[in-house]
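Peer 1: Given the structure of chain A, go ahead and fit chain B onto it with the hints provided.
Those protein sequence lines, which keep their order, are chains A and B. According to our numbering, the first sequence is numbered sequentially starting from -3. According to our numbering, the second sequence is numbered sequentially starting from -4.
Derived from the structure by calculation, the hints contain no laboratory data. Just so we're clear, the structure is a prediction, and the values are computed from it rather than from any experiment. Some hints could be false.
Unchecked claim - Now the in silico label distances, taken between C-beta atoms and shown as ranges: (1) A/Leu10 <-> B/Thr439: 53 to 61 Å; (2) A/Met63 <-> B/Glu265: 40 to 48 Å; (3) B/Ser278 <-> A/Leu10: 33 to 41 Å.
Unchecked claim - Here chain B is said to cover these stretches of chain A; the calculated rule only asks that three of the stretch's residues, wherever they fall, bring their Cβ under 8 Å from a Cβ of chain B: (4) -3 to 3; (5) 6 to 12; (6) 20 to 34; (7) 48 to 58; (8) 62 to 69.
Every residue, glycine too, gets a C-beta built ideally from N, C-alpha and C.
Residues per chain are reported as follows:
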Amino acid sequence: MIVNLILNIIVLFLGGIFSWLPAVTTLPTINGYNIDAFMVQGVGSLQTLAVAFWPLAIMFQGFLAIMGYFLIKMVVKFFLGSRAG
Amino acid sequence: MIFYIKQFGLFATIFLFCFMMNASTTNAAVLYDSSDIGAEYDIAGGATSGENFYFRLPTLSAPPSFPLSSGFYTDNDSIEILRLKRISGLSCDWSLRTPKLIDKNGNIPSGVIVSSGAASGDFCDYSIIGNTNGVEIAGIIYCLNGGCSNANGTMVLAGSDTNAGITVSGDNTQFVSGGFAFQLCDSGGCSGGFETVPQISTVTRIISFKPDNATTTTNPPYFELNAYINEEDLGAIKGIRLSFHNIDQNVLIIGALSPSDIILLDEDIENSGPFFFSTSTVSIADGNYRIEACIDRTFFGDDFGLIGGWIVGAFTDVDDCKSHQFIVGTSTFIGNVSQNLWQDTQDFFGNSTATSSEALARTCNPLSTDFGIRECTVFLLVPDPLQLSQTMTEARSAFLSRVPWGYFTRTIDIMSSQATSTLPSFTTNIQIGAGSDMTPASTTLTFDIADMVAGAGNLVDSIEAVGYEGVGFRTVFEDWIKGMVALLVILTIVADIAQSHRNEMADGNSREGKKLS
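Bound-form chain A, shown alone (with noise of 0.2 Å):
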């Protein structure tokens, strides 16, 4: 509860920091690219074939959980810096 509570009190903390920023919703439309719809539209094709094709299903699983290590491990470099390693 302890633990639970300093968690509460610093996203509460940050959240009060950073509330003027601005919400994002879609990603940007860049030299007229909507970068939003060709994700989605990208990302929706992997997942049709990986319901069709059950072998795909798994090896995007393991292709998030890959990329979810690396977006922790930007994030931790941020903060961190030199002292991340």
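Peer 2: Just chain B now, kept in the frame of chain A:
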């Protein structure tokens, strides 16, 4: 269509159903007894002009549907008296107000009339005129005037939520368990019964929700939520939610940015009493899911809502969130792993006898019989998974969806989404046979990628092991493929960590070299 159960006091009229479950014969004169009491039912509460108070007999499922295949009483003797227990309001003998019997088809039995009632102490005895022998009686409806419209006052009857069946409002949209108490008696008169029974606990809590834990269901699944809101907690309760999310791709490392919950119900609580919700129209893909039912609490008020509520929520008496897993169709490897990890964590760190945060808090009270240093330490230091999940949800909406990291969140949302898109198909004209520049190709050839991939999938699934009937390619190789993919993921991560560490050591050595020189 989504059906709601609102607080019982808003119902225009009350109406009770279901005979067979509590059928009992207290003496020779009582033919049917469903007379538990302990609660009050105002059959005119919230009535307004023009509202139809005509109530159908509820079945054991909501909404009611006729004809009933069970849950009715077949009369073999002639029912002479219907007894209700009046608490307050209009008197028994008002001629414009009589209950009526309903058969299993939802119709009033032909020739059966319930005359105006006569007071007998606290009871209202209504004489039943006409032959009821062989009539399959399924319930009682009660209009407050002959046309079942408009209310001329209120009438409060004794009853209990432990009586079998459910009570339905006149517009067929609101349902509560149990209803007012009654007896059906022969010419010997009614007696006995109408005993007070303990009512269902009135502690604010999530009672049950479906699909049940660890069940496998078909698509679309049937979702249901039963809760109770105590009147004294109304000021501390903001709303009630029922949601679920896929746990196949929501592995722990990307849990914070995982796909959003699919919210089935999220509404404010304005009334106390039993709460019911159900739906079966949400279609989802096969896989493992975690469903969560929550009662959200306020702390600073509605403007702060959930932000304040979960900070102090763990220290209140409200058992606010419950969750469990269910499977649609076929379970998945990652889903089972994430579910088993969660369950193992709960088993290892959780107090097996504690069913709420309040119960865990008692383990820190040295004067309590539940006191335990280990459990108390776990309670204080080990983060609660459900609270963590709520915290991450709040973090997501508070700043993870803001510029600039909101773009990463959106990217993860897209990549973790299960929505599908139509694959393009390609059509080309080909020439069959001799052709010329003057004659365009007239035959078209279409390549439908989705169809081709689906065909490949069906072909693979149709392969069966020789000599093993029913053992297909997928049965044999699916776990192998999952294991290989998991191994590749782990090796990729380990290799990246090792490479990063090697780079760090090389940088450190070069810096040492520069210092020395």
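Peer 1: Hints first: check each against the structure and report whether it holds.
Peer 2: So, going through the hints one by one against the coordinates:
Between A/Leu10 and B/Thr439 the CB atoms are about 58 Å apart, so this pair conforms to the stated range of 53 to 61 Å. Restraint check, A/Met63 to B/Glu265: a C-beta distance of roughly 43 Å satisfies the suggested window 40 to 48 Å. With their beta carbons about 37 Å apart, B/Ser278 and A/Leu10 fall inside the hinted range of 33 to 41 Å. Three residues within the 8 Å Cβ limit are the bar, and the segment -3 to 3 of chain A against chain B gives 6, so the coverage statement holds.
Counting residues of the segment 6 to 12 of chain A whose CB lies closer than 8 Å to any CB of chain B gives 4, so the stated coverage by that chain holds, three being the minimum. Against chain B, the segment 20 to 34 of chain A contributes 6 residues with a C-beta closer than 8 Å to a partner C-beta. That satisfies the three-residue criterion, and the hint holds. Evaluation of the coverage hint for the segment 48 to 58 of chain A: fulfilled, as 8 residues show C-beta separations to chain B shorter than 8 Å, against a requirement of three. Counting residues of the segment 62 to 69 of chain A whose CB falls under 8 Å from any CB of chain B gives 8; the rule of at least 3 is met.
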